[in-house]
Each structure stands twice: as structure tokens, then as C-alpha cells.
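> The chain contents come next:
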Amino acid sequence: MSRITITAGHALASVTHVPLGHLAEAVQARAARSERITALTLAAAGAALAAAGLVSDPAASPSPRIGVVLGTAFGCFLTNAAYQDRLADGGPPAASPRLFAATVSNAAAGELAIAYRLAGPGVTLTAGAASGLAALGHATDLLRAGQADALVAGGVDALGAPLTRWLAEGGLNCGRPPAEAVALLVLEEPTFARARAAPVLGTALGHASGFEPEAADGSAGDGLARAVSAALEEADVQPGDLALAVSAAPPALAGLESRALAAALGRARPRIVSPKDTYGETFGAAGPLALLTALAEAPGGAPVLVLDVCASGHVGALVAESAST
Amino acid sequence: MPLPHPPRAAIITGLGVVSPLGSGVPGFWDGLVAGRTAVAPITAFPAADLEPRNAAEVRDVPADDPDRAGTFALRAAGEALAHADLDGVGRGRMGVALGTTLGGMRLFERWMAREPMPPPEHVPYYAPAVRLARTLGCRGPVATPQLACASGTHAIALAAGWVRQGRADVVLAGGTDFLCRFVVAGFNCLRATAERARPFDVTRRGLVLGEGAAIVVVEEAGHAARREARLLARLAGVGCSADATHMTAPDREGGGATRALLAALDDAGLTPAAVDFVSAHGTGTPYNDAMEAVALARVFGAGRVPVNSIKGAIGHTLGAAGALEAVLCVETLARGVIPPTAALETVDPVCAVLDLVHGAPRRRTVGAAVSTSSGFAGTNAALVFTHP
Chain A
1 MSRITITAGH
11 ALASVTHVPL
21 GHLAEAVQAR
31 AARSERITAL
41 TLAAAGAALA
51 AAGLVSDPAA
61 SPSPRIGVVL
71 GTAFGCFLTN
81 AAYQDRLADG
91 GPPAASPRLF
101 AATVSNAAAG
111 ELAIAYRLAG
121 PGVTLTAGAA
131 SGLAALGHAT
141 DLLRAGQADA
151 LVAGGVDALG
161 APLTRWLAEG
171 GLNCGRPPAE
181 AVALLVLEEP
191 TFARARAAPV
201 LGTALGHASG
211 FEPEAADGSA
221 GDGLARAVSA
231 ALEEADVQPG
241 DLALAVSAAP
251 PALAGLESRA
261 LAAALGRARP
271 RIVSPKDTYG
281 ETFGAAGPLA
291 LLTALAEAPG
301 GAPVLVLDVC
311 ASGHVGALVA
321 ESAST
Chain B
1001 MPLPHPPRAA
1011 IITGLGVVSP
1021 LGSGVPGFWD
1031 GLVAGRTAVA
1041 PITAFPAADL
1051 EPRNAAEVRD
1061 VPADDPDRAG
1071 TFALRAAGEA
1081 LAHADLDGVG
1091 RGRMGVALGT
1101 TLGGMRLFER
1111 WMAREPMPPP
1121 EHVPYYAPAV
1131 RLARTLGCRG
1141 PVATPQLACA
1151 SGTHAIALAA
1161 GWVRQGRADV
1171 VLAGGTDFLC
1181 RFVVAGFNCL
1191 RATAERARPF
1201 DVTRRGLVLG
1211 EGAAIVVVEE
1221 AGHAARREAR
1231 LLARLAGVGC
1241 SADATHMTAP
1251 DREGGGATRA
1261 LLAALDDAGL
1271 TPAAVDFVSA
1281 HGTGTPYNDA
1291 MEAVALARVF
1301 GAGRVPVNSI
1311 KGAIGHTLGA
1321 AGALEAVLCV
1331 ETLARGVIPP
1341 TAALETVDPV
1351 CAVLDLVHGA
1361 PRRRTVGAAV
1371 STSSGFAGTN
1381 AALVFTHP
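Protein chains in written order, with our numbering: chain A, 1 to 325; chain B, 1001 to 1388.
It should be emphasised that the hints constitute simulated quantities derived from the structure, not laboratory data. A virtual CB, placed ideally from N, CA and C, is assigned to each residue, including glycine. Be a bit skeptical, because a hint or two may be false.
Just so you have them, the derived chain B footprint on chain A, three or more residues with Cβ under 8 Å [to be verified]:
id, region
1, 106-114
2, 134-146
3, 157-171
Throw the hints in and build the complete structure from the sequences for me.
And the structure:
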């Protein structure tokens, strides 16, 4: 069966100083010398792994069956900007090896793998502001395919001056105030979770990703409708059974989203919530953050539908249910 | 009789290449078999202050193209779609999995220098995948794996997962990257570069950067059978891992690379003894090649399986490397020829545990070919290809 157990989750939104006090000393030190996106990732992952009961002795050998799947819209954008500034100003002699080594978007996932000895599958991917659900979806696929027992999965994006300038100049029109967040879940193959008597936060039932080639001019294709229908079908959930649905579209794409929901849900009218009205546009973190919000709000055992919709055209849908109380 | 495919097997039905040896699969292949190297002084941008300043450039896409990485990918995808005879097939369940490390970087560099704002979709990283999906009208899953120098390999693994899980019928999968000052100065400041790439050679001093793109069409077996597509190879197994040891230096024991290889073989249901050819990551840095020799000898046995690296010919094409090496593997299966490792003359004694193909191409019936990639932040990925 395709269900994947969600054993824990942790999100940080709207933080000025990344909280590190809950981390082991060595992990704190790693976070303190890292780029901001890595510090956010370590802070949330440390809390999620602890809640899931998966933090091992730092001296233990690496866990080849535990890994990381991270979604991020902008990844190493800030690091690239810092490195590029120095190169443009001072030429090649000013190029920083330390910064250049972090000009890869998988730096955060790599640091996380080192910090917690997670030597299994490690993937970082971007699908614009739909990166978070794409990462959760890929993580469930890896677990279903037997390639890992447990994965830290979710999304993160850090903000800073060059990126906020880019966004303000229309780099990606998200229509809401850009905000920084990280939201990570621990996903586990169900028998692995049961065998170690892990806590249960909820269950991932089905997901799908798609693309809207004409999203830029506001006309709707059927990429999102197809994704919602496919996620519900895989979850074996009827639209009428949904306790709530999470809206995610930028205002300019609200019509696209409502047409897609009408096409995929028919007469069903689940309660619609919009965490982006609270948190702002958090890009790669948006979908996982919305999933944690929905799991907390929905009654136990009730299915929820979470969407990701990005002006780039990337869309995603995920169906989950919270743990029965 | 070939065994029947398991449900929703991932089949390769088309290939497309833009490389420093030329655009198109035939030119790429002929250059590799001839042992040619495209490494030469950089011409596409000012490089007088860069040291070293050699690279393997794509010559048939204009240097002033504002989105070279996207153009490479689009051209490779066009060849792959035509090769797969998919031009008239609907795009509703067609996806794009396109790895890159620098795609969109030229526009980014210009914007950083306060030049005019690029079009909104040209953000770094996912710009090439978005350009491909919009141009072709794809409505399936679209994502950009970002795993440094293993991005293209991860992209093909991601495509295999989508096809097997029924998330797409066809995925344009691969990688693209282009050369710019940003990346040449970066590898130079890490002291990881040399004027010539000599993978596994006793005189190797570092890598040489390259650029290009490769797209493989990954298609669900039933979909391919129904439209009577030509089956080129089966993408039989995929695997990935993290070193979990160090951000830039590969695990000296090759532990991460070994885990990715074993995971891919296990996924394919094959033992190492079934493998007839390995396309190594083989960057030409002292460290990588020594690590990889340890890992490959551990998995496949000392000297048992022919190994090559194409980075002596086309340099390290970063996010495109794993995709170009996937094309190499598929062609090797079809042709029964293993191209030589260009610029490898004297095998380093620490790499002598490998049967390195060099000097001349080698005729060999290949039933299973493996490609392996590694990258910054300790990422590893491996692919297993068999006859369809």
C-alpha cells in the first residue's frame, strides 16, 4: 500500500534569529558557521528528528537507510550573490573558496546529512514555489520504492537583500509579501515506523505534480486540475470526504486555482484555508508549512488537500490525513 | 527472448546532445570514439585573468545567446523528441526533469551588475526547465534537481521514479550547464583545475570545465509499446546516497559512491558481475579519481570491468555530465564499442585496480552499463542501463 507515515514535523516562520539552542553543540557550531538557509534547515530538522525519536549518537556510523529530500525555490541565491559581488569587484583573486563551495543548492541538505549522519538518498530539487510539495512527493516515492526507511523532507528558503530586491523588481511575481520559512517533516515507511513505535502525526496518502505552460498570461490549463485529481485518486479519497483544502495561488492565478478545484472536486466544497495570508509567500517552504497547518486544524483521521501553485507554472497537490485521536 | 518488463518499466526511447564535440548524438559519439579532446583556451568570455583558462566550449551556439543553458537544453530536447518520434504525441502527461548548477546564471550575472532586468522566468536554476516545459507545452511534473555535479544523473533517476509510479508517460530528462566566469573562477580558487583533464593519469592535476546538455527520453514501457516506439535501452536501476562526511572533499573510502552503486544495482535486480561497462565520474582531480578507483574496485572487483571517463574529451560539464554519460551508456549498449578515455596516457598506480579503456576504443558486447556521478556537499548517484 502506498501510505507513508508522517512521524514528526517542525516549522520556523518569521524568525529574526534562527533558534539553535535545542541542537547538540556540534550541530550548533555547524549552523553558526553556515549560510542562513543551512542554519534554518539544521534548526528545523534537528527539532523534527528529535520529535520523531531519530537522533542518533554523533559517534554512530552513518545511517544508509535514512536520507534527506529538500525543496527550495532559490537555494543558494544569496550565496551566489555574495560570491559574485566579490568576484565582480576584485576579479578572480577575490573569489572566495568558502563561498564558492556553498554555491550549490544542495549545500543545506549536505550539511544536514553530515550533522545527523544521514547517508541514505539525498536529493535537493527546485520547482519554484511548488518545490516543497515536489520534495514531499519525491520522498514518498523513494520510500514506496524501498530506497529508504525514513527521510527528512520538506522545503526551505532564506531571504536577504539581493533576493528581496530581485523579488521587488518582479523576479517572481508572487503577489504576497515574501517571507522566510522552513518546514520539514519526517516521513517513514509504515512498517519501519511501527517497528520502532514511532509517534504518528499523520499519513501521506497521495500526491501529484504538474505544470501550467500558460500560467504567465493568467490563462488556465489543466495541469493543476490533473494534479489534484491524480492525488485524490492515489489517496483513494472522494472530494466530498475532504475536511479542508489549502489554497496557494498567487492572487494573479486565483482564477486558475478556482477553475482547477471546480474541475477536480465537482460539487464538493471543502473548507478552504490560506496559510499564505498569515505567513506570506514562503516559496519552497509553503507547501510543507501548509501541510503542517492543515494537519493541526483538521479533525483526526480526516483527509486534507494541500496545493502549491507558482507563477513559474509549477503546481503540486498532496492529500494527507491527520492521526486519529 | 528478453524477459517481460515489470509493470511501468522506464525505457529510453530518444537521445539528444549538445556537446563541445559537436551537437547531435552522432558527432558526440564519433568524437568520443576517435579520442578527440575539445579542451582549448576559453573564447566565449574575457578570460585573460583566469588561471587556468582552458575549457571545453560548445562552438555551435552563439556566445552572446542570453540563455545558453536553456538553448542547449532546448536543442537537445528537439533532437531527443524527434529521435523518439514523439513530435505528434500529446504533452498532457509529459514531464521535464532537468538538472543544472548554473542555468540562468548569465541573466543573474547581468542583473547583479544592475543591467536591465531579465524576463521573470529567467531566475537561476529552474529557468531551463521552465523554458523547455513552456516551449513544448508539457503539463506533467517539472522539476530541477540541484545536486551540484551529479544533477543530471539525479534528474534521470527522478524521471525513472515518476514513470514507474505512473506520474508521467514520458519525461524529458537530463542536464544542462554553460561556462561563465562565475564557475571558472570558483573552481580555480578551489585549486581544483588544470590546463588539461587527464582522468586517472599519473600526471593528472585537476579538472577542466566544459559545457553542454543532454536529454534522454524516459518513457513508460506500456506507453512505448502502444505507440510501437523504438526501444533503445531500459533504465533498469537508479540509486543515490550522501557521503555524510565532508562538503567538498569526496569520502576517501568511497563509501557514498559505493552505496549509490549498490542501491542502483539492487534496484535493477542485477549483481555487479552482470555489469560490462562503467562510465566513471572521472573528473581528473587527484582526490576524486583515487576515491573512485577504490569504490569501483570494491563494488565490481579489481580489473574485472572496463571503465572510462569522457571528461578528458569534453571536460566536466557539471549538471550536464551525468546526462551526457547516460547517452554514452545507451550508445555503448547499442554499438558494442567503449570509447577510450581521452588524454589518459599512463595510468596512476593507485588507479591500476581499474581496467581503464584508453588509447583506442574497445569492442565489447555490453549487456549492462553503469554510470556514476558525485558532487559537492557529498552527493552521489548511479544509473544502470540494460538492453530493452
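> Are the hints correct? Go through all of them and say.
Outcome of the hint check:
Coverage of the region 106-114 of chain A by chain B holds. Counting CB-CB distances below 8 Å, 7 residues qualify, and the rule asks for three or more. Counting residues of the region 134-146 of chain A whose beta carbon lies closer than 8 Å to any beta carbon of chain B gives 6, which reaches the threshold of three, so the coverage claim holds. Check on the region 157-171 of chain A: 5 of its residues sit with their Cβ under 8 Å from a Cβ of chain B, so the three-residue criterion for coverage holds.
Hint compliance for this structure: every hint is met.
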